Amino acid sequence: AVDGGPAALEDPSRPYDPTRDVQVTESALHIGLAGSLNWSVIVHNANPRVAFRDLLYVTTYRDGSGRTIDERHEFIKDIFEPGETRAVTVNDRFMRARFASAGFRIVAAEALLPDVPPNVRE
569 AVDGGPAALE
579 DPSRPYDPTR
589 DVQVTESALH
599 IGLAGSLNWS
609 VIVHNANPRV
619 AFRDLLYVTT
629 YRDGSGRTID
639 ERHEFIKDIF
649 EPGETRAVTV
659 NDRFMRARFA
669 SAGFRIVAAE
679 ALLPDVPPNV
689 RE
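In case it helps, this note's numbering puts the sequence shown at residues 569 to 690.
It is worth saying that the hints were derived from the structure and are not from the lab. As the structure is a computational prediction, the values presented were derived from the model and not from experiment. Hints are supplied without guarantee of correctness; some may be wrong.
Simulated DEER-style distance windows between Cβ atoms [claimed, not checked]:
1) Ala676 x Thr593: 28 to 36 Å
2) Asp638 x Asp579: 23 to 31 Å
3) Val656 x Gly603: 18 to 26 Å
4) Asp638 x Leu577: 32 to 40 Å
The beta carbon of each residue, even a glycine, is placed where N, CA and C say it ideally should be.
Hey, can you work out the whole structure from these sequences and the hints?
Shown next as structure tokens:
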């Protein structure tokens, strides 16, 4: 199927900034079976008039001195409607090196028109 939407949302009445609007309100890393890196993340779309999809996240792993030993990126392929908050689970593969701390952040997302206009929402 062909995606019928524009390459970017261009509507001056709907200002947006994915780095501000798409917020990670909680994140926790759990080491799983065979050392898999499993993130539990709460994502909130703070924009009241714009939906977002294909959230690009970056995970950063640091040693005890704070030096970055690995940084990864991938997409969360979900749509987050205006005001929506949702828990997401992400598997970030495996890490062979030891690390002391880790971080999870959203660095970009594609803006969309909401599924339902804001004035129709209950």
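Verification of the supplied hints:
1. Taken as a hint, the range 28 to 36 Å is violated for the pair Ala676 and Thr593, whose Cβ atoms sit roughly 18 Å apart.
2. In this structure the hint that Asp638 and Asp579 lie 23 to 31 Å apart at CB is violated, the actual value being about 38 Å.
3. At about 21 Å, the beta-carbon gap between Val656 and Gly603 stays in the expected band of 18 to 26 Å.
4. Taking the beta carbon of each, Asp638 and Leu577 are about 33 Å apart, inside 32 to 40 Å as hinted.
Checked against the numbered hints given earlier, the structure breaks hints 1, 2 and satisfies all the rest.
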